[in-house]
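Enquirer: Top to bottom, those sequences are chains B and C. Sequential numbering of the first sequence, starting at 1, is according to the working numbering. Sequential numbering of the second sequence, starting at 1, is according to the working numbering.
No lab work stands behind these hints, which were simulated from the structure alone. Just so you know, not all the hints are guaranteed correct.
Repeated chains share a single entry, so a pair holds when one copy, or any two copies, can fit it.
Said to hold, decoys possible - Capping the alpha-carbon separation at 25 Å, the derived lysine to any residue pairs in SDA-like fashion look like this:
hint: 1; residue 1: 135; residue 2: 252
hint: 2; residue 1: 43; residue 2: 69
hint: 3; residue 1: 135; residue 2: 267
hint: 4; residue 1: 135; residue 2: 258
hint: 5; residue 1: 135; residue 2: 261
hint: 6; residue 1: 135; residue 2: 251
Here the structure is a predicted model, which means the values were calculated and not measured.
There are 2 protein chains.
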Amino acid sequence: MIQTPYLLFLGDAPDPLAAKVAQGIRDWRPDFALGQLRLDGCKADMALPDMTLPEAYAAGARTLVIGVANRGGVISDAWKAVLVDALKAGFDIASGLHNLLRDEPELVAAAKAEGRTLFDVRVPSVDYPIADGTKRTGKRCLAVGTDCSVGKMYTALAMEAAMTTRGMNATFRATGQTGILITGGGVPLDAVIADFMAGAVEWLTPSNDADHWDLIEGQGSLFHASYSGVTMALIHGGAPDALILCHEPTREHMRGLPGYQLPTLEALRDLALTLAHVVNPGCQVVGISVNTKALSDAEATAYLAEVEARLGLPAVDPFRHGADRLVDALAAI
Amino acid sequence: MIQTPYLLFLGDAPDPLAAKVAQGIRDWRPDFALGQLRLDGCKADMALPDMTLPEAYAAGARTLVIGVANRGGVISDAWKAVLVDALKAGFDIASGLHNLLRDEPELVAAAKAEGRTLFDVRVPSVDYPIADGTKRTGKRCLAVGTDCSVGKMYTALAMEAAMTTRGMNATFRATGQTGILITGGGVPLDAVIADFMAGAVEWLTPSNDADHWDLIEGQGSLFHASYSGVTMALIHGGAPDALILCHEPTREHMRGLPGYQLPTLEALRDLALTLAHVVNPGCQVVGISVNTKALSDAEATAYLAEVEARLGLPAVDPFRHGADRLVDALAAI
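Hey, can you work out the whole structure from these sequences and the hints?
Expert: The following block contains the structure:
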């Protein structure tokens with residue numbers, strides 16, 4: 001696990017969107033977001049105190065999280081100078097960048113000299129087991145999508161927040177880089193070796209209290225030719241008791257695959273349930289989460305009502321309307 | 001690609017079963033099996049000429065293939081001495097062992113000094129692309145199983161042999177270690193990073209002549225909780241035109257998963273077709289391959305007749321009866 005709280009490194013972000021990792025931490029784990037560190041020209045602002053490394057350390061921060069995408073796929077000299085200073089100031093560093101911290105000799109040397117840790121969350125740091133399919137205690141909910149990038153992480157985080165507010169026993173389980181940085185732990189499932197994918201998901205969602213819910217971050221889509229194997233491993237390793245279907249209604253084709261149409265929500269429901277029943281015969285689809293960002297309020301309301309009537313399940317956009325109706329459905333099973 | 005023909009290293013095999021890789025090469029690629037090299041106490045015999053390293057090299061062999069499992073998970077000193085001699089005699093070495101040749105400093109040093117190659121086929125040697133789902137020319141057939149280890153590799157190899165005998169244009173595509181050693185190339189799919197699984201299968205089965213069939217070796221099972229993600233990637237990366245269902249009728253539970261029942265052939269047919277249609281709407285199930293080793297001749301005949309009537313598809317045991325009826329079915333689509 002990555003030590004919290006964090007100092008968020010925003011670097012020289014060219015725009016706010018580049019800092020979406022920092023924004024995710026700010027939104028979903030505000031207690032972890034102690035302050036921000038910005039370089040000249042930074043165009044992102046998390047509305048957090050700007051802190052120097054010593055100030056943040058004194059305030060309790062123990063990890064500098066790279067909350068921003070880098071430009072051109074390299075870690076610049078300007079960044080490196082700050083990262084070395086952070087190690088010297090007593091911070092670990094956590095990063096989801098494609099170029100790994102561990103591939104930078106200066107950072108490796110400084111971390112070693114200072115006894116600090118470099119967390120490259122894009123690659124696994126655990127030898128996961130092969131899945132054994134053993135029934136675990138506690139309950140699990142998995143978000144599955146008609147496509148990639150339709151809001152599965154957001155849905156699971158919003159449900160966790162709503163459940164925590166109600167005093168329910170719930171944990172978001174990250175399976176991607178952003179989710180891992182937000183929560184401080186998880187499995188970078190797309191970087192796991194094929195034979196160990198389902199085992200990694202079992203490892204991530206162990207036996208727990210009978211009333212505990214794991215809210216498992218989804219990845220890919222059963223209908224996405226590039227990544228469907230990862231989704232399959234989430235279903236068979238996660239052995240969910242409940243599924244949430246996630247959808248973006250204006251997408252014209254599967255992400256990155258022109259010529260591939262999105263499936264219907266009915267097709268997703270039927271296929272995901274068939275697969276889930278292999279490992280958990282009691283699994284149910286409990287609700288639908290729709291990303292209505294591209295729709296007006298009126299369009300969104302009409303679309304959700306239509307889906308709800310058609311599938312007979314609560315259909316909400318958790319960003320517009322909150323996740324409470326999804327949590328109600330989960331609490332009812 | 002691994003250079004052929006081979007000298008098959010049988011080591012100190014404690015019994016014939018330990019040499020199943022060598023047996024597979026002997027059975028399916030007899031032209032590659034120039035000779036065998038056995039140590040004292042070897043209990044396996046491929047009925048090939050026993051050759052010294054210089055004799056085999058003079059006869060044209062260019063790769064020493066480790067055709068036997070090792071004992072205790074270590075490469076013994078006795079083996080190492082032979083392997084170093086082989087490198088000095090001009091051979092590459094190919095191995096599917098869990099302990100990698102590249103992790104043995106003496107072998108690495110000798111290979112480097114001699115300019116030879118160590119092929120550890122258990123781990124990928126290619127940076128596979130992410131699948132792009134593009135339609136390729138030529139045709140593809142994939143074997144899918146109700147469980148792991150039900151005869152998928154055997155079925156695909158037997159179909160390739162029957163097709164080659166008929167003058168059809170067909171290539172077995174290996175996706176596991178044994179298949180790779182038998183044919184000299186392929187993808188060790190269970191060792192590929194999750195994001196690249198389907199792309200590796202696309203890479204393995206590129207566009208080809210319109211009348212060409214790839215016979216893709218299956219892995220895992222859609223119904224096996226540990227490995228189903230690998231099977232999914234085979235279906236979506238392979239985009240098969242034809243599926244062969246493979247089954248072993250006496251198995252009491254899924255391999256390695258007590259408490260998990262095997263699915264029916266009907267359930268496998270329906271699920272595999274649903275998934276295949278995502279990438280290839282024309283995909284058909286053309287036949288059923290049953291491993292009847294545990295049944296008498298009369299039992300096997302009765303079982304196959306029952307399955308054939310029930311599913312309305314040719315059902316054969318290619319080991320007992322040959323793969324011709326499966327090939328007839330393939331040729332008809």
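Enquirer: If a hint holds in the structure, say so; if it doesn't, say that too.
Expert: Status of each hint after checking the structure:
In this homomeric assembly, residue 135 and residue 252 come within 25 Å of each other (Cα to Cα) only across copies, at 19 Å, whereas the closest approach inside a single copy is 39 Å. In this homomeric assembly, residue 43 and residue 69 come within 25 Å of each other (Cα to Cα) only inside a single copy, at 13 Å, whereas the closest approach across copies is 59 Å. Only between protomers do residue 135 and residue 267 lie at most 25 Å apart by alpha-carbon distance; the minimum there is 23 Å, versus 27 Å within a single protomer. Only between protomers do residue 135 and residue 258 lie at most 25 Å apart by alpha-carbon distance; the minimum there is 11 Å, versus 40 Å within a single protomer.
Taking identical chains as interchangeable, the C-alpha atoms of residue 135 and residue 261 lie at most 25 Å apart only when they sit on different chains, with a minimum of 14 Å there against 36 Å within one chain. When the C-alpha separation of residue 135 and residue 251 is checked against a cutoff of 25 Å, the pair qualifies only between copies, where the shortest distance is 21 Å, while the shortest distance within a copy is 37 Å.
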